[in-house]
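Peer 1: If you want the building blocks of each chain, they are given just below.
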Amino acid sequence: MRRISYCEALNEAMRQEMDRDPAVFVYGIGVPDHKKIFGSTEGLLERFGPDRCFDTPLCEETMTGFGLGAAVNGLRPIHIHIRVDFLLLAMNQLVNMVSAYVYSTGGKLKVPFVIRAIVGRGWGQGYQHSKSLHSYFAHIPGLKVVLPTTPSDAKGLLISAIRDDNPVIFIEHRWLYWAVDEVAEEPYTIPIGEGNILRSGSDITVVATSWMNVEALEAAKVLERTGVSVEIVDPRTIAPLSDGLIAESVRKTGHCIVADNDWLDCGFSAEVAARVAEKCFGQLKSPVKRIGFAPTPCPTVRCLENQFYPNAVDIIRAVEQKLGLDSIDLSNEDFYSHERRFKGPF
Amino acid sequence: MRRISYCEALNEAMRQEMDRDPAVFVYGIGVPDHKKIFGSTEGLLERFGPDRCFDTPLCEETMTGFGLGAAVNGLRPIHIHIRVDFLLLAMNQLVNMVSAYVYSTGGKLKVPFVIRAIVGRGWGQGYQHSKSLHSYFAHIPGLKVVLPTTPSDAKGLLISAIRDDNPVIFIEHRWLYWAVDEVAEEPYTIPIGEGNILRSGSDITVVATSWMNVEALEAAKVLERTGVSVEIVDPRTIAPLSDGLIAESVRKTGHCIVADNDWLDCGFSAEVAARVAEKCFGQLKSPVKRIGFAPTPCPTVRCLENQFYPNAVDIIRAVEQKLGLDSIDLSNEDFYSHERRFKGPF
Amino acid sequence: MSKLSFGLYKKLYTIRRAEELIVEHYPEDEMKTPMHMSMGQEAIPVGVCQALTPEDQIFASYRSHAAFLAKTEDTDGFFGELYGKQTGTARGKAGSMHLAAPDQGHLCSSAIVASCIPLAVGAAFANKQRRNGKVCCVFFGDGALDEGVLWESLNVACVMKLPVLFVCEDNHFAVHTPTRMRQGYKSITDIIGRFDCNVFQEDTTDVEAIYRLALSALESIGKPAFLHLKCYRYLEHVGILEDFNAGYRSKLEFDAWYKRDCLAVQRKRLLADGYSEEDIISAEKLIDEQIANSIRQARAASFPKPEELYRGVFHETD
Amino acid sequence: MSKLSFGLYKKLYTIRRAEELIVEHYPEDEMKTPMHMSMGQEAIPVGVCQALTPEDQIFASYRSHAAFLAKTEDTDGFFGELYGKQTGTARGKAGSMHLAAPDQGHLCSSAIVASCIPLAVGAAFANKQRRNGKVCCVFFGDGALDEGVLWESLNVACVMKLPVLFVCEDNHFAVHTPTRMRQGYKSITDIIGRFDCNVFQEDTTDVEAIYRLALSALESIGKPAFLHLKCYRYLEHVGILEDFNAGYRSKLEFDAWYKRDCLAVQRKRLLADGYSEEDIISAEKLIDEQIANSIRQARAASFPKPEELYRGVFHETD
Ligand SMILES: Cc1ncc(C[n+]2csc(CCOP(=O)(O)OP(=O)(O)O)c2C)c(N)n1
Ligand SMILES: Cc1ncc(C[n+]2csc(CCOP(=O)(O)OP(=O)(O)O)c2C)c(N)n1
Ligand SMILES: [Mg+2]
Ligand SMILES: [Mg+2]
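Note that the protein sequences, when read in sequence, are chains A, B, C and D. When you line the first sequence up against our numbering, it's residues 1 to 346, in that order. When you line the second sequence up against our numbering, it's residues 1 to 346, in that order. When you line the third sequence up against our numbering, it's residues 1 to 318, in that order. When you line the fourth sequence up against our numbering, it's residues 1 to 318, in that order.
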């Protein structure tokens with residue numbers, strides 16, 4: 001099958017949906033400019049014109065309410081933010097308006113509104129350009145929250161999001177943009193609310209979100225060499241969360257690590273840990289271990305930033321601890337790092 | 001000892017601190033008007049004048065940044081919101097600016113900034129006037145989050161918050177305002193970060209936040225009559241959270257219910273459940289049970305609203321289930337309800 | 001004799017009467033929803049909605065009794081919602097603060113100050129895109145002028161040239177705080193007039209003057225239009241009582257406004273226009289009956305069933 | 001011969017030189033922080049900061065190299081921070097986007113557009129309250145004009161009559177989007193002039209003209225003052241390259257601006273004023289050395305220790 005990047009997959013999903021349905025449009029700060037949101041809006045302006053692909057003034061709160069208004073009136077907006085952090089300016093619209101609008105009309109109206117937002121990392125993004133905040137959105141009834149990891153999930157889930165009649169927050173990690181994999185050419189959907197076994201294994205379950213799946217895969221590869229078989233579950237959608245897949249895996253392995261691309265306190269890792277502990281009560285061989293950001297704002301300098309983020313090594317060490325294994329010598333290990341290609345500024 | 005209400009305790013804390021330290025001031029929409037924020041700012045305008053107790057235009061984002069600026073320049077602002085929901089307009093300032101400011105100066109500067117925000121409930125508050133959002137604040141490093149339940153905690157914790165050199169979000173449930181209890185007259189502090197055993201017991205632990213402590217106490221009274229001894233832990237501060245007290249209690253009882261005044265998904269109840277499951281691994285006789293809001297926006301009409309909120313009955317039923325008891329007949333039970341005195345509009 | 005004038009009076013009367021009955025029945029504690037009364041301000045929504053076509057769309061704040069009734073005339077759905085019944089516009093889930101009837105063009109009422117404004121802008125964008133000729137009209141109070149989102153939305157509507165009618169019901173207070181203590185400028189219309197929109201203002205309680213003003217605003221709706229209209233809230237900010245001894249405003253102020261109460265003004269016009277006292281009274285009686293009936297029905301209707309709580313969080317295809 | 005003119009030139013030169021060296025060294029991938037270069041816009045922070053007293057306080061955006069150096073002249077701390085070293089103003093935690101030196105009156109730089117503006121207002125309130133006479137000056141781009149918080153903050157500063165100097169560095173673009181596509185009005189100063197503040201504007205690259213304008217703004221600082229100053233960004237939005245073939249702006253535009261480059265203008269003035277080419281060159285040399293030294297030191301300095309990550313989340317009493 002054809003191989004394309006995560007970024008191209010996003011682009012293709014939007015293009016195909018805009019082809020299919022003239023109600024779909026895409027907007028946001030910088031959306032049609034020559035940088036094309038890291039390439040993901042490439043070609044849309046040329047193909048669909050400035051009525052369906054446009055730039056906006058800098059006003060996140062208003063442009064979120066704008067999307068809600070447009071959705072209620074029959075269009076299907078896709079609003080893009082180059083950093084999730086900017087959604088903090090729109091929390092009032094998201095939480096007080098967008099999430100509750102359908103409910104306040106007794107479920108009668110549709111709000112087909114997709115918000116794509118990118119998680120920044122590296123090269124000194126600092127504390128205002130590195131948040132993920134997916135737990136914020138998942139906390140609120142009425143919002144669906146999707147975090148695809150693979151190119152093929154990116155395409156299928158974005159198409160589902162665009163076709164959904166409810167608001168969907170779609171979170172993309174900047175470093176996944178270069179991931180390349182097989183992606184079907186024709187439009188297809190992946191149901192919102194279904195997880196995915198990213199890697200099958202039998203000794204321990206790692207539940208990972210977004211970029212942390214890449215770290216988990218790296219960890220799994222290293223651990224495989226020492227005979228440890230890691231199963232990786234990517235929930236993909238965290239609201240609604242189908243915890244069945246996770247619980248099933250943990251019941252099989254008896255161990256669970258949650259590797260979340262976020263802070264731990266009151267985050268999605270807590271939700272998974274709480275559910276696993278409940279659903280697998282008495283079947284766990286060790287307590288659920290949570291791995292996430294250090295409990296600090298994100299520092300700028302690389303050495304501290306590297307420490308701030310959880311990585312494959314943290315996962316390996318956690319697995320070793322859970323399974324009572326000796327520490328693998330990782331000094332000669334060459335962990336793949338997107339930082340190598342991610343040279344400044346953004 | 002003298003008995004005063006929760007509301008009077010808040011008022012006294014502010015008055016005593018404003019007497020003690022001329023840098024303390026209080027501001028916000030409606031703060032000095034004749035309604036006095038449900039009475040909690042009574043007398044402050046008269047005593048301290050309009051420079052230290054003032055009203056503002058309607059602009060939550062700006063007035064939050066304003067507080068940060070004033071705090072950095074040596075004042076000690078207290079910003080009041082009559083509903084927590086309005087803080088959604090200020091999330092950018094809170095999360096991108098206030099929480100990280102101290103860190104971004106290498107810990108050198110002080111940000112003595114208190115934000116008091118009230119949780120609404122009842123009489124058709126609806127989906128925009130009923131949120132608590134404490135998990136949002138607790139998720140972010142750099143913010144302290146306090147939710148006092150008793151009048152004496154309200155006073156001691158508010159004084160601590162005002163004296164703290166870091167931002168503190170102080171969340172008050174509207175229905176607690178009438179709670180009356182013994183409160184010392186002189187100023188005193190209760191350390192931020194320490195929980196409290198609100199009721200000692202031996203059979204089961206209920207960890208409750210804010211108003212849910214009142215429901216838990218009601219439940220405990222009923223259960224006591226059938227010989228069940230409930231221990232209630234009020235964390236009071238949820239960031240930083242000292243989980244030691246909780247874990248200790250659960251190790252003793254073997255059972256844990258978390259009753260949170262919020263939605264469950266990615267909320268504080270998940271954090272407590274995750275920590276208890278980890279810290280008490282192998283010592284739990286049943287999985288941690290979480291009780292919170294229904295997974296819907298808050299509806300207006302009373303009958304649905306009553307169903308939306310968790311209450312003493314839910315706690316009783318959960319306890320019965322955990323301990324394998326028969327269902328108590330509650331039909332003659334007269335649960336104390338603040339709704340009786342809480343007649344419209346607010 | 002103008003049918004329009006009579007129609008406008010009937011709408012004003014309907015709203016006033018409906019609110020008078022709220023005042024009467026509220027102490028029974030059956031309408032358990034915070035009431036932000038329109039009383040005194042009715043002429044604005046009535047005049048403006050008269051100028052709109054039925055297809056045009058409105059957005060409002062929590063103080064939306066008048067806007068809702070002016071747009072929909074649906075007293076059954078109105079009282080059904082206030083009583084929290086199955087027959088309410090949102091089966092009781094919305095209450096007084098979130099009245100809406102999307103089918104009839106009332107798309108949203110919101111209890112967060114200014115929060116409906118960007119919705120109106122986006123909805124207008126969709127209308128423009130779909131070339132359906134519909135105008136979006138958003139009602140808000142003077143308090144909304146303090147919020148950044150008003151300025152952002154105005155800017156966006158102007159730069160995109162969207163068919164939005166902004167209507168500021170300036171009752172001089174946000175809760176108890178007067179505009180003069182909140183506004184770092186002398187004249188809001190002077191400022192807004194420098195955006196790429198058309199500004200209209202009036203200090204009137206004459207519903208027909210407002211209607212005509214709205215008509216001219218709509219004529220130029222190739223750009224956004226901004227209507228700034230002064231008015232006076234008769235009752236307390238929230239609740240059904242008077243509050244002239246609370247200290248923040250004086251009864252004298254009210255007296256001056258009440259002298260030109262919008263119903264009195266319009267009634268006088270009808271009489272001058274050839275309608276008889278009897279014509280008017282018999283129309284009023286019909287409205288009284290209609291409202292009494294709506295209230296009776298609402299009280300008799302059943303509350304939503306428990307399972308209703310969980311319905312409609314997401315769109316339901318039915 | 002004016003010492004002031006010479007001093008201003010030296011500041012301009014320091015900033016320009018520092019940024020030229022960033023351009024030179026950035027490809028070495030040692031300054032791992034997103035660079036939003038001030039080049040072309042230096043005259044504004046330099047002129048304004050000259051008019052401020054050392055006790056006055058500034059706030060800036062992520063494009064704050066010029067503001068930081070104009071206010072602090074601390075090239076050591078500057079490069080220390082860009083290289084992420086222990087010797088940086090925030091030990092590497094802040095980087096280019098969050099430069100600050102509270103001790104020297106640079107209170108904050110923020111990478112969220114417009115987000116420092118309300119801080120300046122609150123800080124000014126504290127200064128007024130404490131009667132210390134300090135002025136708060138906040139620098140922001142034209143992009144900030146789109147954000148509601150600018151309007152809210154302006155309103156609050158005006159209604160509270162706070163000593164805030166708002167300085168808009170209008171380089172005609174937010175990233176690649178020109179003001180004309182973002183602004184639903186013709187003249188921002190025309191609008192802001194109708195708030196209760198004093199508005200000053202100029203289309204100049206002459207640092208002394210800006211200095212004098214800022215001085216007159218400060219004379220009237222009993223009310224807020226708003227300076228609107230046109231300028232041109234020489235390099236790409238973020239990064240160290242030119243981007244005239246990206247399509248969103250033309251090299252011709254740049255050429256016109258570069259003809260009146262602020263350094264050239266001020267250099268010419270010095271020569272006309274009696275300074276010799278040599279005076280200037282020897283001053284430049286000293287600055288070159290200072291900066292080379294700052295860079296050397298920064299490179300030699302050590303990175304923060306791992307435990308530094310966890311330090312300073314809360315205030316540390318030391
Ligand atoms: C964003 C926000 N801040 C504060 C409030 C609390 N509040 C409710 S109504 C109101 C006053 C609004 O005044 P105005 O817009 O003039 O409307 P009016 O009530 O006068 O019709 C305030 C401050 C709110 N609902 N939303
Ligand atoms: C609230 C917010 N929205 C979007 C961005 C992304 N962004 C970074 S810089 C920028 C443009 C700002 O333009 P302007 O204020 O004119 O400053 P300039 O870069 O021209 O100096 C944008 C949109 C941001 N940082 N913050
Ligand atoms: Mg008002
Ligand atoms: Mg700019």
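Among the clues, some could well be false.
[To be verified] Sample of chain A residues at the chain C side, in silico, Cβ under 10 Å:
#1 S104
#2 V111
#3 R163
#4 N166
#5 A184
#6 Y188
#7 P191
#8 N196
#9 I197
#10 G201
#11 S202
Read the hints as simulated data drawn from the structure, not as lab findings. For each residue, glycine too, the CB sits at the ideal point set by N, CA and C.
Peer 1: All the hints need checking, so say for each whether the structure fits it.
Peer 2: To see whether the hints hold, each was checked on the structure:
no., hint, result
1, S104, "5 Å, holds"
2, V111, "7 Å, holds"
3, R163, "12 Å, violated"
4, N166, "5 Å, holds"
5, A184, "27 Å, violated"
6, Y188, "21 Å, violated"
7, P191, "14 Å, violated"
8, N196, "22 Å, violated"
9, I197, "26 Å, violated"
10, G201, "34 Å, violated"
11, S202, "37 Å, violated"
Comparing the model with each earlier hint shows violations of hints 3, 5, 6, 7, 8, 9, 10, 11; every other hint is respected.
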